[in-house]
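Trainee: Following the hints, complete the assembly by docking chain B onto the known chain A.
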Amino acid sequence: MSVNLLEVKNMTMQFGGLKAVDSLSFSIPQGQLSGLIGPNGAGKTTVFNMLTGVYRPTQGEILLSGKNIVGMKPYEINHLGMARTFQNIRLFKNLSVLQNVLIATHQHISYGLFDTVFLSKKFQNQETEMHAKALSLLKIFHLENKAHEKASSLPYGEQRKLEIVRAMATDPILILLDEPAAGMNHAETHELMKTIARIRHDFNLSILLIEHDMKLVMGICENITVIDHGVKIDEGTPQKIQTSEKVIQAYLGVEA
Amino acid sequence: MHKSVKTPLIAFAALLLFGGLLNFGVNAYIQLIVLFVIINSILAMSLNLVNGYTGQFSLGHAGFMAIGAYTSAYASTQFSFFSESFGFIGIFVTTITGGLLASAAGFLVGLPSLRLKGDYLAIVTLGFGEIIRVTLLNMEAVGGPRGISGIPSFPNFFFSFSYSCFWALICFFFIWRLIRSSHGRGFLSVREDEIAAEAMGINTTKTKVQAFVLSSFFAGVAGALFAHVTNFISPSSFTFLMSVNAVIMVVLGGMGSLSGSIAAAFFITLMPEALRSLQEITGVDLRMVIYSLLLILIMILRPQGLFGDKELPDIWRKYVRKSA
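Protein chains in written order, with my numbering: chain A, 130 to 385; chain B, 48 to 371.
In isolation and in its complexed conformation, chain A is listed as follows (with noise of 0.2 Å):
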């Protein structure tokens, strides 16, 4: 039998009083698009922030690969190959796009601090294969011609776009989503959508995102999971969430 990807056990979080998760369990299969959706407040972001380890959950099992990453440090856990964007755009604002890119690279060097400073072979071929990386996926998204353009200098979309070639350099098995397309247009959460299946294609990844927009949500996830007030109402393909009873009544209410 296959080890699931990610695999979430009875995942719990509180704060205070407040119970924003609530013992969730969830899976994500190797190479699955998964999709997370829930009304406003159902605590998504609140998960992503627990998988990435920007949270401690209160209680349960997050198994990367099998691991248990409860408990490590965020940038532990992108080493093991879990990146993420955010909902509320995080670029390294002051800095040129490609400067961006490039410091999600910097797990992956292995040159020090001399190397740096008598600007030693392998300083200057690890900074050209670098470079390099950055800019062929900087090409994926179009963002080649803005490479030396301040990051806060580009327009929302492509900030957007920016958030997830920066995930992709760290050369992650898992991409977390957090709403790819809030803010964008039709013909751009289109294209957007092309992107990300082919990004998943080419880079043999497995991706959860988190997204309001159903049409982009129904149109590319495999699997989704519903959540609402932290609880899992429902999980399935997108034609059985269409029509599931306890989904409409999450997001329309109960008839009176």
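Check the hints yourself; a few may be wrong.
[Said to hold, decoys possible] Lysine-lysine pairs mimicking BS3-like chemistry, simulated, CA-CA at most 25 Å apart:
1) Lys148(A) to Lys361(A)
2) Lys251(A) to Lys253(B)
3) Lys222(A) to Lys365(B)
4) Lys268(A) to Lys222(A)
5) Lys361(A) to Lys344(A)
6) Lys357(B) to Lys53(B)
7) Lys202(A) to Lys253(B)
8) Lys357(B) to Lys275(A)
9) Lys202(A) to Lys164(B)
10) Lys262(A) to Lys222(A)
11) Lys50(B) to Lys250(A)
12) Lys164(B) to Lys251(A)
13) Lys251(A) to Lys262(A)
14) Lys222(A) to Lys253(B)
15) Lys262(A) to Lys250(A)
16) Lys279(A) to Lys357(B)
17) Lys53(B) to Lys250(A)
18) Lys365(B) to Lys275(A)
19) Lys148(A) to Lys138(A)
20) Lys202(A) to Lys138(A)
21) Lys222(A) to Lys164(B)
22) Lys357(B) to Lys222(A)
23) Lys251(A) to Lys365(B)
24) Lys365(B) to Lys279(A)
[Claimed, not checked] If you want the footprint, here are the derived chain B segments under chain A, 3+ residues with CB under 8 Å:
25) 216-226
26) 231-245
[To be verified] Some residues of chain B that are not near chain A, with every Cβ distance over 12 Å (derived):
27) Leu158
28) Val294
29) Ile328
Rather than coming from a laboratory, the hints here were simulated on the basis of the structure. Where is the CB? At the ideal position from N, CA and C, for every residue including glycine.
Mentor: Same frame as chain A, now just chain B:
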């Protein structure tokens, strides 16, 4: 010659030529001010690594400087092994020792910085600087409030100048290249957004401690140079005001600009001296009033500092080439 040492050597040769001119061209008073400019440049550049590039607000730089100064001064006065038999080499060894001890202290101060941010970190580092000063004040072994005098120096200005420039160049090129490497980009990412940096695989804890250790090494070196140039140090040389001066230089020059730090070191060191002549004319000591007014004016007109986060070559390209 390997290109990593070519540019620094050319710069060093140019500075030596300049030092030779100064050696015969100007009086001892101006020579001493020139040395202070160089020492302050090292201080400002090293603090820029922590405050400007890594974004950790440190107010204890005088403490690191004091450690470097006292280490080098104590070693070269107590152990004639360093000062007499080796002369120049002895001072070199004690300078490095001073730097290393200062960076050990930087490691200790770096640790609380993992949990503290902004104002809180500033207060902790400020406290650290004061602890160092008060400790020295009460240590009889290093002269207590009397300090250490008769610290061995160089035979003439030219030697002091060359030696100071040697360290200033090491400091400059070290930080310059560091910032343009992946390690340096790690520092920048911590300043920009710690949460995002962690999520992108940067060990922010390690990065911050690294910044403190490297920065305090050069602060210690600056302190050692100060000790050997002035021949006398006491705890009152390293007050809180010294730390504030270092911060002013970094902010005035521009957070994250090495050329800015050097320009500000020139300005901050020369301005009070230049205003001295004004006092002779007017008869009233308005030095500090004018000096503060100038600082306020500059910060109003250029809140990002003289150079912002740009370096001299960037500014050259932007303004000079364009108009040509």
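Trainee: Confirm or reject each hint.
Mentor: Outcome of the hint check:
1. Lys148(A) to Lys361(A): Holds: Lys148(A) and Lys361(A) sit about 13 Å apart, inside 25 Å.
2. Lys251(A) to Lys253(B): OK: Lys251(A) and Lys253(B) at ~22 Å, within 25 Å.
3. Lys222(A) to Lys365(B): Roughly 21 Å separates the two Cα atoms, so the pair holds.
4. Lys268(A) to Lys222(A): holds, 20 Å
5. Lys361(A) to Lys344(A): Roughly 21 Å separates the two Cα atoms, so the pair holds.
6. Lys357(B) to Lys53(B): holds, 24 Å
7. Lys202(A) to Lys253(B): Status holds; Cα separation ~12 Å.
8. Lys357(B) to Lys275(A): holds, 19 Å
9. Lys202(A) to Lys164(B): Holds - the C-alpha atoms of Lys164(B) and Lys202(A) are around 18 Å apart, at most 25 Å.
10. Lys262(A) to Lys222(A): The given pair, whose Cα atoms are some 21 Å apart, holds under the 25 Å limit.
11. Lys50(B) to Lys250(A): holds, 11 Å
12. Lys164(B) to Lys251(A): violated, 35 Å
13. Lys251(A) to Lys262(A): holds, 16 Å
14. Lys222(A) to Lys253(B): holds, 22 Å
15. Lys262(A) to Lys250(A): holds, 18 Å
16. Lys279(A) to Lys357(B): Distance ~13 Å between Lys279(A) and Lys357(B) Cα, so the pair holds.
17. Lys53(B) to Lys250(A): Between Lys53(B) and Lys250(A) the Cα gap is close to 16 Å, so the pair holds against 25 Å.
18. Lys365(B) to Lys275(A): Judged against 25 Å, a Cα distance of about 19 Å means the pair holds.
19. Lys148(A) to Lys138(A): holds, 16 Å
20. Lys202(A) to Lys138(A): holds, 19 Å
21. Lys222(A) to Lys164(B): OK: Lys222(A) and Lys164(B) at ~19 Å, within 25 Å.
22. Lys357(B) to Lys222(A): Roughly 16 Å between the alpha carbons, so the hint for Lys357(B) and Lys222(A) holds.
23. Lys251(A) to Lys365(B): violated, 33 Å
24. Lys365(B) to Lys279(A): holds, 16 Å
25. 216-226: Since three or more residues must qualify, the claim that chain A covers the region 216-226 of chain B holds, with 4 doing so at under 8 Å.
26. 231-245: Coverage by chain A holds here, the residue count being 11 at a Cβ distance below 8 Å.
27. Leu158: holds, 16 Å
28. Val294: The claim stands: Val294(B) keeps its Cβ more than 12 Å from every Cβ of chain A (closest is about 20 Å).
29. Ile328: holds, 45 Å
Comparing the model with each numbered hint stated earlier shows that hints 12 and 23 do not hold.
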